[in-house]
Amino acid sequence: MAEIDENLAQREAIEVDRSKGDFKYEESYAFDAGIGLSAGVVDYISKVKAEEPWIREFRQKALKIFDGLPMPTHWATTDLDNIKFENIRYYLAKGQKAVRTWEEVPDDVKKTFERLGIPESERKFLAGVEAQFDSEAVYSRMKEELEKLGVIFCGPTEGLRDHPEIFRKWFGKVIPAGDNKFAALNSAVFSGGSFIYIPKGVKVAQPLQAYFRINAENFGQFERTLIIADEGSEVTYMEGCTAPKFETATLHSAVVELVALKGAKIQYVTVQNWSANVFNLVTKRGVAEEGAEVRWIDCNIGSRLTMKYPGVVLRGKGARGEVLSIALANDGQHQDTGAKMIHAADDTTSNIIAKSISVGSGRSTYRGLVHIPKTLKNCRNNTECDALLINEHSRTDTYPAISVRGQKNSVQHEASVSKVSAEQIFYMMQRGLSEGEAMSLAVNGFVNDLVKEFPMEYSVELKRLIELQMEGSVG
Amino acid sequence: MSTLASPTGNLDAALQPTDWARPSGHDWFDALRRQGWADFQRLPMPTRDDEKWRFSDARSLSLAGFAPAPEPTEAVAAALIARSHFVARPAALVVHVDGHCVLRPALSPELTAQGVRFETLADALRHHPALLQEHLLKHGAGLGGAKFLALHQAWLKAGYVLFVPKGVEIRQPFVSVNWTSTEGAAVFPHALIIAGEHAVVSVQDYHLGATADARALAISACDIHAGTGAKVSRLAVQGWGNRTQSFQVDNTCGGRDALITSVNAAVGSRRARLENTVRIDGPGADVRLYGISVATGEQEFDQRTLQIHTAGQAKSDLLFKNALLGKSRTIFSGLIKVAPDAQRTDAYQTNRNLLLSPDAEADSLPGLEIEANDVKCSHGATTGQVDENELFYLRARGIPLEVAQELLAQGFLEEVIAKVEDEEGAEALRGMLSAKFHQA
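Line order of the protein sequences matches chains A and B.
Sequential numbering from 722 applies to the first sequence in the numbering used here.
Sequential numbering from 11 applies to the second sequence in the numbering used here.
Errors might be hidden in some of the hints.
[Unchecked claim] Okay, derived cross-link-like pairs now, DSS-like style, lysine-lysine, Cα gap no bigger than 27 Å in a straight line:
(1) A:Lys1098 to A:Lys1173
(2) A:Lys869 to A:Lys768
(3) B:Lys347 to B:Lys386
(4) A:Lys902 to B:Lys62
(5) B:Lys176 to B:Lys62
(6) A:Lys1095 to B:Lys337
(7) A:Lys890 to A:Lys768
(8) A:Lys894 to A:Lys921
(9) B:Lys62 to A:Lys1095
(10) B:Lys386 to B:Lys337
(11) B:Lys337 to A:Lys1129
(12) A:Lys1098 to B:Lys429
(13) B:Lys337 to A:Lys1038
Quick caveat, the hints were computed from the structure, so don't treat them as lab data.
Just so it is clear, the structure is predicted and the values come from calculations on it, not from any experiment.
Same shape as in the complex, but just chain A (with noise of 0.2 Å):
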């Protein structure tokens, strides 16, 4: 672990001094599980959550499958080895408020906040100074309006408590607990997250968003997200996430489970900021129906290692899923970042790009799975990944898995390694820009036809954040 704590040293030499922006919440936690895993641990979160005995058994059945499933190392990284989970609190909630005064906040957090364009109001918000819960998440602010028009918008505790008739069908469905290790341990554990029901026809015309975060030391968030777009329902749903920085590795693990039933759109946006000691094992997959229409745009900057592969199940004739996604790996870190499309219904498309920036020891992995079954017909996916390497050990991985048979089906993919050339730097550098402000302006080249793809206020924030984290790369 050595070579990752120099490369955290020399991480902080390049970007915003986090340490500085650290805070802790008061350790008086209401709720609190205490550290560790067991059935107890689980039973208890359950019993806060006073929910009924079916999801108490799902839960203890998810732990059972958790325990029994191996760490994935066979394929994955061995960095997943340093996690401990004994070491982890796995609920905790209510009650715990913020130490810290907006005058209390460091000068270069606020002006971090100010660079990213980071509106006066959320300011205070992002740097933790208004009271946040860790794992219920908050989000009534547009709750209202969003009412009138049917749409329901809330955790996952009051969507399977007041709506069961339309969040139970589904939930646990799209990513079963046993699809793998960590959604097991999501099944298990999970608090906090957004269910959302989007009626028939409803075209949320504002985005949802809801800002998770991490705030105390060794404990991971286990968000639990379901969003239900009825027939020919529109919703784009925005999620963020930045997180202080503690000196023991904390774990996310989220399951995010999307249904677009017949001709609905869902378009689903993270940016994933975590500091650089977050473990973020996040397990998405949307289903899309007939005509339905399923997009991911995932954009990963923090984390230390994140293992992320959003995919879509085409299961209704001609359905589309996408994944647009932009990775930005630096010193000590580890993007392992990728997209799935399953199809399952004939005359069904698929679009993968993938870009990836690794930057000073930043390594990225791309890892992909295209799926066409025989019985099907005019099927096609089109991938492209392309990966940028900034210093000169810089590293990337492309791990393509394409399955296909059937008739009329095609799949296309590509994939490119290559670095910001010299010429390109020189050119601008004698037009009066720095190098690293030339090599900022290149890798936003490079990832600007799909930071056009992210809503407004998302590609600028974005885009100084790509900034942020090539100053000092170079010279």
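Dock chain B against chain A, hints included.
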């Protein structure tokens, strides 16, 4: 001879070598073989969960029911030698039947005088033990076939060694033909090709079944060492009988400015796995790997490749093309690895699959692991059907559907066939590929 218990359970004791009692006269060689047997017994059979066997039908792997076959009768040998003349005037020809040499290579006095050696493994062991000790099976199997290569090592006997000294250029190809003839025969053909500095050499390896439905177990291995500036080209045709299980582990090392071209063709076997590892150890090296197959019936062709760039400023290019009919399946899994200091590497990898039947399956795992930044690397993989417009064009001119499809498929494959430098070799290959369309 006592039978050692097999940890895998499905191993037939018939595969244990019985000739330990007759030492070869070279302790290191006997030790190498014994080590092979020990490794074979120690290593587990691959399973479905093994990432290196992803998509392979690992469950149906079985080595039971195969055993080395006795020497063929003179009549059988003569008949098969007569069928071994794919090249009218080779530099030399060696023929094995069921793992027994039936035609020893005869080298022209000129080539012998230039220091060229083309001998059976057994002869080479007698004449050049030091050369063999330096090069035999130095690289192992890193792509998942270690257990099978270990069994090959335990049985190391049949095969040839080709040594071309510094500066010698030979235009005519060296040809080796391996046949299986006996039902259930286990064969372990070995090839060792060493090209000295600036040597130029070409080789053709044919692995064939005496009958189209011959049942056999074939575990072959080929090591190529190309020295500075050497030019080596190899055509390897896997045409075992269609009830054969085939494993082929090839290792190639390219030194500075070496140019290596290899074409691996697959038409035979029930299931055939090719593991091809290329090490680019010297700057300026240029390695070209081509693969071609026509899969029919229930055949499974499992192609695993690895391009390792340890030296910078070198190039490797890979193109594997598969045409699939019936219920066949092909798996292409390739990886380009660029070491941290191998700057200015150019490495490419392309897999193209043509599905000619709705029941065929093409799996593709094209991978990159890049640890240097100043590189040009790309890979591409496509799977699709015959182009509708091209088909329409041909049919509009009165060509029946089946013929049009075959023509287009042959056009698809021709790109790789054209890489075979020797015209006779290319023609032999064309004939075998074309025959597959008619038996399908």
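Each hint tested on the structure:
1. A:Lys1098 to A:Lys1173: The hint is violated at about 33 Å.
2. A:Lys869 to A:Lys768: violated, 32 Å
3. B:Lys347 to B:Lys386: Roughly 12 Å separates the two Cα atoms, so the pair holds.
4. A:Lys902 to B:Lys62: holds, 21 Å
5. B:Lys176 to B:Lys62: violated, 38 Å
6. A:Lys1095 to B:Lys337: holds, 10 Å
7. A:Lys890 to A:Lys768: Status holds; Cα separation ~22 Å.
8. A:Lys894 to A:Lys921: It holds: about 21 Å lies between the C-alpha atoms, which stays within 27 Å.
9. B:Lys62 to A:Lys1095: Holds, because 24 Å separates the two Cα atoms, which is no more than 27 Å.
10. B:Lys386 to B:Lys337: violated, 37 Å
11. B:Lys337 to A:Lys1129: Holds: Lys337 (chain B) and Lys1129 (chain A) sit about 16 Å apart, inside 27 Å.
12. A:Lys1098 to B:Lys429: Not satisfied, since the Cα-Cα distance of roughly 34 Å exceeds 27 Å.
13. B:Lys337 to A:Lys1038: holds, 25 Å
Comparing the model with each earlier hint shows violations of hints 1, 2, 5, 10, 12; every other hint is respected.
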